[in-house]
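Visitor: Under numbering that gives the first Met the number 0, the sequence shown has 49 at position 50, and the numbering climbs by one with no breaks.
If you are wondering where the hints come from, they were derived from the structure by calculation, not from laboratory data.
Just so you know, even glycine gets a beta-carbon here, dropped at the ideal spot from N, CA and C.
One or more of the hints may lead you astray.
Claimed, not checked - In silico lysine to aspartate or glutamate, EDC-like type, Cα no more than 16 angstroms apart, as pairs:
1. 265 to 163
2. 93 to 264
3. 272 to 252
4. 93 to 13
5. 8 to 264
6. 200 to 214
7. 246 to 214
8. 8 to 91
9. 33 to 287
10. 265 to 194
11. 265 to 255
12. 246 to 284
13. 33 to 51
14. 272 to 255
15. 200 to 217
16. 246 to 287
17. 246 to 217
18. 200 to 107
19. 246 to 290
20. 265 to 191
21. 265 to 198
22. 93 to 107
23. 93 to 64
24. 93 to 214
25. 265 to 91
26. 265 to 193
27. 200 to 284
As the list claims (entries may be wrong) - Computed beta-carbon distance windows for the label pairs:
28. 17 to 60: 45 to 53 angstroms
29. 60 to 229: 41 to 49 angstroms
30. 295 to 130: 51 to 59 angstroms
31. 270 to 246: 46 to 54 angstroms
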Amino acid sequence: MSATEQTAKLSANDLKEYHLLVLNHTLSRILSTKLAERTFAQIIDGLPTRDDVGYFPTYSVEIRDNTASSPEAMGAARGLQRQFFTYTTLVDAKLTQSYQNALPGSREFYMRLLEMLVVVCHDIAGLVYVNTQPGLRREGQTPEQRLAALEGRPTDFMHEAYYDLQQYSNGVADVVGYWAEYHLFGGVVLFDREESGTDRKRAFLHPVGSFRIFEITESQIQQFIEYAQQLAETQDLQPPFPLHAEKYTYRVDPFDAMSLNIYRDKYERIMPKERPARCVQRLADVPELQDAIVQINRNDSSQ
0 MSATEQTAKL SANDLKEYHL LVLNHTLSRI LSTKLAERTF AQIIDGLPTR
50 DDVGYFPTYS VEIRDNTASS PEAMGAARGL QRQFFTYTTL VDAKLTQSYQ
100 NALPGSREFY MRLLEMLVVV CHDIAGLVYV NTQPGLRREG QTPEQRLAAL
150 EGRPTDFMHE AYYDLQQYSN GVADVVGYWA EYHLFGGVVL FDREESGTDR
200 KRAFLHPVGS FRIFEITESQ IQQFIEYAQQ LAETQDLQPP FPLHAEKYTY
250 RVDPFDAMSL NIYRDKYERI MPKERPARCV QRLADVPELQ DAIVQINRND
300 SSQ
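With the hints as constraints, model all of the structure from the sequences given.
Guide: Below, the structure written as structure tokens:
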């Protein structure tokens, strides 16, 4: 099912008081970080920086030479941080209702809160993109010049695995939303939906660079829960994002994820018929092999 077939939406502002308060507290802290400032400044510029581009392995000459966002975009991003709640987004009704139904303080409550945060941040990034096109760095370029600079890509803000814009209700804006997720959270946030298609008992991140999808560990989930709980008393806490794969966490090849019911939405990726060949095996994805190489090197040095 494509996103365009999903029509039931609700405003996050329709949530009950406590659920809305927790969502707003955690969302505002995520969006007021330096990381969010840098992420949204690039969208406002219409051009990612060389170090933050987000897809692999090639990018344009423009991006190669773009080492930092413009001061104007950084200033505009700081201004946006004071206005983010004017970007009222409509969230999938089932997701909103499931968050609303979750018992405050329960693990289920915080897992559903995590998904709400991700979806709202995704949508806000898409809205900022739409409202600031073609971007400060693109001003003065003709549509033909901008198209040529993309070299066939739908946008420069792209996670390498999430670009099937014909599937997305917001088209390119959703591609940008997945890119923003990678920067804000450490990857596109997925869940083990199990057979029901709605579960959220385990969360995963899909990073860039052809790395495997990795599970967010229980200790990382607990860190997020404690962070959200403490925000009611301390506003100066920094969010525990972006997350990185713990060494021995469970990993999944992206090709297998859908068949294992690990996704956020069924329409997010179109799977190839054949398993893509992996020319390189990344040691970070196979910690046991990494340990073996370290041990071999240690043995060699002792001899």
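Visitor: Each hint should be assessed against the structure and marked as holding or not.
Guide: Against the structure, the hints:
As the CA atoms of residue 265 and residue 163 are separated by approximately 12 angstroms, the hinted pair is consistent with the 16 angstroms bound. Taking the CA atoms of residue 93 and residue 264, the gap is about 12 angstroms. The hint holds against a cut of 16 angstroms. Distance hint between residue 272 and residue 252 is fulfilled; the C-alpha atoms sit about 15 angstroms from each other, no more than 16 angstroms. Restraint check for residue 93 and residue 13: the C-alpha separation of about 13 angstroms stays at or below 16 angstroms, so the hint holds.
With a C-alpha separation of about 15 angstroms, the suggested pair residue 8 and residue 264 falls inside the 16 angstroms cut-off, and the hint holds. Restraint check for residue 200 and residue 214: the C-alpha separation of about 11 angstroms stays at or below 16 angstroms, so the hint holds. Distance hint between residue 246 and residue 214 is fulfilled; the C-alpha atoms sit about 11 angstroms from each other, no more than 16 angstroms. As the CA atoms of residue 8 and residue 91 are separated by approximately 5 angstroms, the hinted pair is consistent with the 16 angstroms bound.
Proposed proximity of residue 33 and residue 287 is contradicted: the alpha carbons are some 35 angstroms apart, above 16 angstroms. Restraint check for residue 265 and residue 194: satisfied, since their Cα atoms lie roughly 13 angstroms apart, inside the 16 angstroms limit. For the hint linking residue 265 to residue 255, the alpha-carbon distance of about 13 angstroms falls within 16 angstroms, and the restraint holds. Annotation: proposed proximity of residue 246 to residue 284 holds, straight-line Cα distance about 8 angstroms (limit 16 angstroms).
The hinted pair formed by residue 33 and residue 51 meets the criterion: a straight-line CA distance of about 14 angstroms does not exceed 16 angstroms. Proposed proximity of residue 272 and residue 255 is supported: the alpha carbons are some 12 angstroms apart, at most 16 angstroms. For the suggested pair residue 200 and residue 217, the alpha carbons sit about 10 angstroms apart, so the restraint of at most 16 angstroms is met. With a C-alpha separation of about 9 angstroms, the suggested pairing of residue 246 with residue 287 holds against the 16 angstroms cut-off.
For a cut-off of 16 angstroms, the pair hint linking residue 246 to residue 217 stands: about 13 angstroms separates their Cα positions. Between the alpha carbons of residue 200 and residue 107 the distance comes to roughly 7 angstroms, so the proposed pair stays at or under 16 angstroms and holds. For the given pair, residue 246 sits about 11 angstroms from residue 290 by alpha-carbon distance, which is consistent with the 16 angstroms threshold. Annotation: proposed proximity of residue 265 to residue 191 holds, straight-line Cα distance about 12 angstroms (limit 16 angstroms).
Distance hint between residue 265 and residue 198 is fulfilled; the C-alpha atoms sit about 13 angstroms from each other, no more than 16 angstroms. Simply put, residue 93 and residue 107 have alpha-carbon atoms about 15 angstroms apart, close enough for the 16 angstroms limit, and the pair holds. Annotation: proposed proximity of residue 93 to residue 64 is violated, straight-line Cα distance about 44 angstroms (limit 16 angstroms). With a C-alpha separation of about 24 angstroms, the suggested pairing of residue 93 with residue 214 is violated against the 16 angstroms cut-off.
Distance restraint check for residue 265 and residue 91: the Cα-Cα separation of roughly 14 angstroms lies within the 16 angstroms cut-off, and the hinted pair is therefore satisfied. For the proposed pair residue 265 and residue 193, the alpha carbon gap of about 13 angstroms is at most 16 angstroms, so the pair holds. Between residue 200 and residue 284, the direct Cα distance comes to roughly 23 angstroms. Violation of the 16 angstroms bound is thereby established for this hinted pair. Distance hint for residue 17 and residue 60: a CB-CB separation of about 51 angstroms, consistent with the stated range 45 to 53 angstroms.
At about 45 angstroms, the CB distance of residue 60 to residue 229 agrees with the hint of 41 to 49 angstroms. As the Cβ distance of residue 295 to residue 130 is approximately 54 angstroms, the hint placing it in 51 to 59 angstroms holds. Evaluation of the 46 to 54 angstroms hint for residue 270 and residue 246 yields a failure: the beta carbon distance comes to about 28 angstroms.
Hint compliance for this structure: hints 9, 23, 24, 27 and 31 are not met, and every other hint is.
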